[in-house]
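Asks: Residues per chain, in single letters:
4 protein chains.
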Amino acid sequence: MSGTRGLFIPGPTNVPQAVRLAMDIAMEDQRAPDLPSFTLPLFADVKKVFKTEQGQIFLFPASGTGGWEAAMANTLSPGDKVLIARFGQFSLLWADMCQRMGLEVDVVDVPWGEGVPVEIFAEKLKSDKTHSYKAVLVTHNETATGVTSDVAGVRRAMDDAKHPALLFVDAVSSLASIDFRMDEWGVDVCVSGSQKGFMMPAGLAILAVSQRALDMRKSARALRCYFDFEDMMRTNKDGYFPYTPPLHMFRALRAATDLLLAEGLENVFARHHRLAEGVRRAVHAWGLKLCAKDPKWHSDTVSAILLPEGFDSAALVRHAYTKYHMSLGMGLNKVAGKVFRIGHLGDLNEIMCLTAIAGSEMAMRDLSVPVEAGSGVAAAMEYYRGAAGSTALKNAA
Amino acid sequence: MSGTRGLFIPGPTNVPQAVRLAMDIAMEDQRAPDLPSFTLPLFADVKKVFKTEQGQIFLFPASGTGGWEAAMANTLSPGDKVLIARFGQFSLLWADMCQRMGLEVDVVDVPWGEGVPVEIFAEKLKSDKTHSYKAVLVTHNETATGVTSDVAGVRRAMDDAKHPALLFVDAVSSLASIDFRMDEWGVDVCVSGSQKGFMMPAGLAILAVSQRALDMRKSARALRCYFDFEDMMRTNKDGYFPYTPPLHMFRALRAATDLLLAEGLENVFARHHRLAEGVRRAVHAWGLKLCAKDPKWHSDTVSAILLPEGFDSAALVRHAYTKYHMSLGMGLNKVAGKVFRIGHLGDLNEIMCLTAIAGSEMAMRDLSVPVEAGSGVAAAMEYYRGAAGSTALKNAA
Amino acid sequence: MSGTRGLFIPGPTNVPQAVRLAMDIAMEDQRAPDLPSFTLPLFADVKKVFKTEQGQIFLFPASGTGGWEAAMANTLSPGDKVLIARFGQFSLLWADMCQRMGLEVDVVDVPWGEGVPVEIFAEKLKSDKTHSYKAVLVTHNETATGVTSDVAGVRRAMDDAKHPALLFVDAVSSLASIDFRMDEWGVDVCVSGSQKGFMMPAGLAILAVSQRALDMRKSARALRCYFDFEDMMRTNKDGYFPYTPPLHMFRALRAATDLLLAEGLENVFARHHRLAEGVRRAVHAWGLKLCAKDPKWHSDTVSAILLPEGFDSAALVRHAYTKYHMSLGMGLNKVAGKVFRIGHLGDLNEIMCLTAIAGSEMAMRDLSVPVEAGSGVAAAMEYYRGAAGSTALKNAA
Amino acid sequence: MSGTRGLFIPGPTNVPQAVRLAMDIAMEDQRAPDLPSFTLPLFADVKKVFKTEQGQIFLFPASGTGGWEAAMANTLSPGDKVLIARFGQFSLLWADMCQRMGLEVDVVDVPWGEGVPVEIFAEKLKSDKTHSYKAVLVTHNETATGVTSDVAGVRRAMDDAKHPALLFVDAVSSLASIDFRMDEWGVDVCVSGSQKGFMMPAGLAILAVSQRALDMRKSARALRCYFDFEDMMRTNKDGYFPYTPPLHMFRALRAATDLLLAEGLENVFARHHRLAEGVRRAVHAWGLKLCAKDPKWHSDTVSAILLPEGFDSAALVRHAYTKYHMSLGMGLNKVAGKVFRIGHLGDLNEIMCLTAIAGSEMAMRDLSVPVEAGSGVAAAMEYYRGAAGSTALKNAA
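If you're matching them up, the sequences are chains R, L, Y and P in order.
Numbering of the first sequence is given in the working numbering, commencing with residue 19 and proceeding in unit increments.
Numbering of the second sequence is given in the working numbering, commencing with residue 19 and proceeding in unit increments.
Numbering of the third sequence is given in the working numbering, commencing with residue 19 and proceeding in unit increments.
Numbering of the fourth sequence is given in the working numbering, commencing with residue 19 and proceeding in unit increments.
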């Protein structure tokens, strides 16, 4: 295969040169006397990405799934009741994990393509006079359907109901790409991973936890060792770790955090919005629909695109992979075969998104999906021409 | 700092060029149609490193500690009784984890510097007519004291007692360095990690599990999600994973496994023995003692060296780090301040070990430890000259 | 700047992962006893890329310009007469170098956009009864204008005239991309460089020289040391070099040659033709013209595209660089400001070329060049859909 | 082969991580509008390494040999007379090149093991009333014999004789390692290369040229194109190059220059002296002699060590390579078979030098060279213990 394979899945995302090089180092001594001078400022700067001052950062050698488990095992006990909405494969898996961990899970099923139903949550919270809900769980960005939910809205609902439950957010595919404000939104536990907005390989779960949630570790009766907050806190405070840390991943995290802070989080969010909007213009020009049912749900990190009835999106993804050397995201579970996904997050720019659009368009036409030649690319290009202007020029300066 | 820092800790070990390069790649699509053609042979070849044909390999994004937790959570239930000996920081931590996971732990305390007391285990197993022990836990190589235990001996004791308990082995700092034979020794669960004999960065727990132990997953009542064998098995059989896998680490594992199998496991073991023996000759020439109390406990991957009364090994390690740019292992817990450790495992050869010995010698003399100038290096050199011969020449051919 | 910068200049070209990694190694001993087991097969395999069995390979740490100098200094003497056509910046510079080296240069000026005038050469060779021409110089691919010349045609003209002059070919931007046949076409000296079809960084001049040309080194009176064939031949025959060789570049050359031979030279040529044709379809759809005046001159490695009167191509290239993070080729010398160039050679595929086309299209529209939105991309996509088929699928297998 | 191969030749030297990573990048556009913002400060900072303010830097894609040719071709004409001393393989080759370039070469032969005979030069210069010498050539550090010459002494001799000849210095194996002061010593042309003190791969000739020497380019009649100063100066002044530059090497040069200036040149020199002195202590303890006949000639970058009569140093070097995985320098030409060389320059520290000494010692004892076990290492260790102190600690801070 010649040339670079296009990687347009919603994670792992493309690793920038600076992050790749940061990992390409000789192994380090995890008990070196000067290690804290590296790790302590890293914890401090990662907090900025979560927009939290009061939260505590945890870095577990694990995937985002491990991050979920860590979040719940340290704050909840079997039998505790949690509220969650299910509207895609990842919110579904999270709810499933809650059940397996012995929690009582109040699942609100919502059509795939919608997000967290803030009104229903509001009602339930208001009705919960006994404060039986110990936690409210929000999937900020449902990667399977390309739907972004309203975390601030859920917080308002909780505040309106004066409900003391903890607010958990899965921000795996939103953090460092879509606006997220831990302190302002009163998020208690935010779970993220390395392989999305942080533009690193998979393998690091990155959490931020509020003081209130940290306090729960004393009463939480879930068994835990590997993911224990207490073990981490005892050693992290001095810049060390309870077991051998993946220092090459921390070096990558340092480089990634530097890139994000140098670009500026607001610029990062604006860039993701701009790139996403170009993809959405292409979808519109193709005459297709997004899985996300309403603009308010549109995700700026991934677009799940519905193929017309009678076309198999799994075949499309395979075809693009084989013929055009590009990876698109498949439809999962309920939307398997129905949607294909373009991941547009991480280390990406306008011309890379055009590659994704052009490749998708060729693949669709090959499979006789009725889209007009050049239509999607033209729509995206015209949008990018106008939108790229100021920011790109500023970045280039 | 100029030049390469010497890394002589018992893990993370030096990463060979081939492994380093294997990780230095563009991100991959974890759902790509051709991924199984990479992952399935990888599972097959990793089995060879464990010397198992019937065992099943698990690769968790985690440290070795996560590997322990996975091992126990999938096979045992709270209240189950296990037998373990405690004779160093890592066997201590393992026993501690067992307790935290709700197991009933029969701990046999043994002086630090000795290994698993096979005779005591034999007696206990014989006396256990009700087969109350569900598992026997053996730390193959206690990294804190440089002690290697007799796994085959424990198996014989179990067989003699006709005891049906599972045999668990922590081979984190022995696998791929010291002779280990999963099938021949009847090991049920072997836990290892990426950052020792596999010569990779930390972050991958590598397990091999017998069919008998796998069957226990149905009855094991410990809560588990992230480390669940069932989730892994359901997807691994087709070459995929239940959550985003750290593909860059798998690429490294492929390269490391290739290196190990190309050198030949028996040659790898012989090389580790040769390198270790040189270090031991140096210790002897210095007039010092190993923490390991008897030659039968001598570890071929790490030597814990006792400083004479009145000298602080922590100061020594710091001094060597600062003045000679080399990392030695500190003493941990009971032997803190008393021993320093030279890790001699992984991608290492004779001249690298001489660096470790020479650096240790200079640092000891700087701190007035009474060792004769050049004594340790000379002893090791003379040994290596004779021992290096055939193998090194053969390797070079 | 986020994302990958598009590199669509006619060299240096994109370096494939395998070549990049091949260079990323510890330094090697250039007098090591086992070096010849690496270098001698490398020489042998590089010959295959030139399609020569009788030629000798020279690898000079130099740019292609150094390769030209080496070629002439070892075979010609001041005062010798050579025949060359001038139709672009690189044929112009070559002719210029000949003059500076004291040769008598018969320059045939041809409009920029045409190639070597085979008929005029034929006539001149026939008229040259005294065989005053010592060498005929052909720029196989004029990088400045995107024009490929007919080397086989020149050979036929020489044969028809029974002219004994040496045939020199500058294949810097054609070798390993466009069909070139050293032995079949009777080429005596072929000069290439590392940073084009070999997909390496700049810094290595790669030459193939016929036995007949080699023999000339005894009579050639040009002063030379660094570029002396004799010094090279004396040491190269045993696998060594007269001065410190850039071994990291040789490792890259090994990797690049492996990639080329694995893909198959005919497939490499077909891929370059396919990619180039897509770009030409886009140019046509834009309503623009190539600098190359006739399809027979069309280069498969670079397209020089004429902007309409009144537009400044230098501004366009700058604009694309700044706003769209992509490098296009500028117009040079006579065509400065008039053409911009898309390099489509090396480690490239269809979706990468579409990026180049889309980016060029956006930049032109931004500067009010009258091209229709999406027109070029659509034309290229439709072509690639049909053409990519069989080969791409085969490559992916 | 396991572990790192020891590289103790006098170049190419070990490449530090920062330099290695600097080269591991995507290819760049050599005509990019922002390239000068990288290249112009690079030229400025490289001047600091030469300790010149008035000199001009030239970066040729070439080896050091190419640097010699560039130096002479741009300043001298065939028939010009130069004065040079010959006392090792590299001064010999330089004199040879002068002859091949048509210069009249006054060669002063000096025993190998001595350096430039300042007194003889002084006499010759004084007698040269007609100023027939156009240039005086000094090999600052003769890599073959480990001899450093007195450049400042030659300058004084020239000044005493009021001789206007240009002063050329080959500093390939001294620059950035041994004290060199271009402006203070009135050096007109200094030639260096990338693969020694600059700690880069081979392939870049690095020159500094005084204004006086630059002026000679107008009258110098030697034919030159590739190495022409004028072409370089015309484009370099704006930050560009006359032919495709090896930008990855420039990135490496940037990183290397940063490392050198961060350590501080005086610290770099002190470190090289310290490392070299340890090697010399070892040689003394072995009861062997250096090729350098007097302490005043001792080179701080390479030690050429004489084996006792009857031993073959070539066999020793091969043996160390095969059995101990380390590269030592061979004896060349007159001292072939008689000396082996330890290169101690570039990215090196004390423990690495001890590796070189220990490996040499084992190899010598294997071949029955009568050196006492541990003697050399012990002597070096004791020296380093005292000497390493302050600087190493300061560096680590």
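Among the hints, a few may not be true.
Chain copies aren't distinguished; within one or between two, either way the pair holds.
What the hints assert, rightly or not - In silico BS3-like links for lysine-lysine, alpha-carbon gap of 27 Å or less:
#1 K152 <-> K356
#2 K356 <-> K255
#3 K65 <-> K307
#4 K99 <-> K314
#5 K147 <-> K352
#6 K65 <-> K147
#7 K352 <-> K255
#8 K66 <-> K307
#9 K152 <-> K352
#10 K307 <-> K236
#11 K307 <-> K147
#12 K180 <-> K311
Keep in mind the hints are simulated off the structure, nothing from the lab.
Asks: State for each hint whether it applies.
Replies: Status of the hints after comparison with the structure:
| no. | hint | in the structure |
| --- | --- | --- |
| 1 | K152 <-> K356 | neither (36 Å within a copy, 48 Å between copies) |
| 2 | K356 <-> K255 | between (48 Å within a copy, 26 Å between copies) |
| 3 | K65 <-> K307 | neither (37 Å within a copy, 47 Å between copies) |
| 4 | K99 <-> K314 | neither (29 Å within a copy, 55 Å between copies) |
| 5 | K147 <-> K352 | neither (35 Å within a copy, 53 Å between copies) |
| 6 | K65 <-> K147 | neither (34 Å within a copy, 56 Å between copies) |
| 7 | K352 <-> K255 | between (44 Å within a copy, 23 Å between copies) |
| 8 | K66 <-> K307 | neither (36 Å within a copy, 50 Å between copies) |
| 9 | K152 <-> K352 | neither (29 Å within a copy, 42 Å between copies) |
| 10 | K307 <-> K236 | neither (48 Å within a copy, 44 Å between copies) |
| 11 | K307 <-> K147 | neither (41 Å within a copy, 68 Å between copies) |
| 12 | K180 <-> K311 | neither (31 Å within a copy, 64 Å between copies) |
When the structure is compared with the earlier hints, violations turn up for hints 1, 3, 4, 5, 6, 8, 9, 10, 11 and 12 and for no others.
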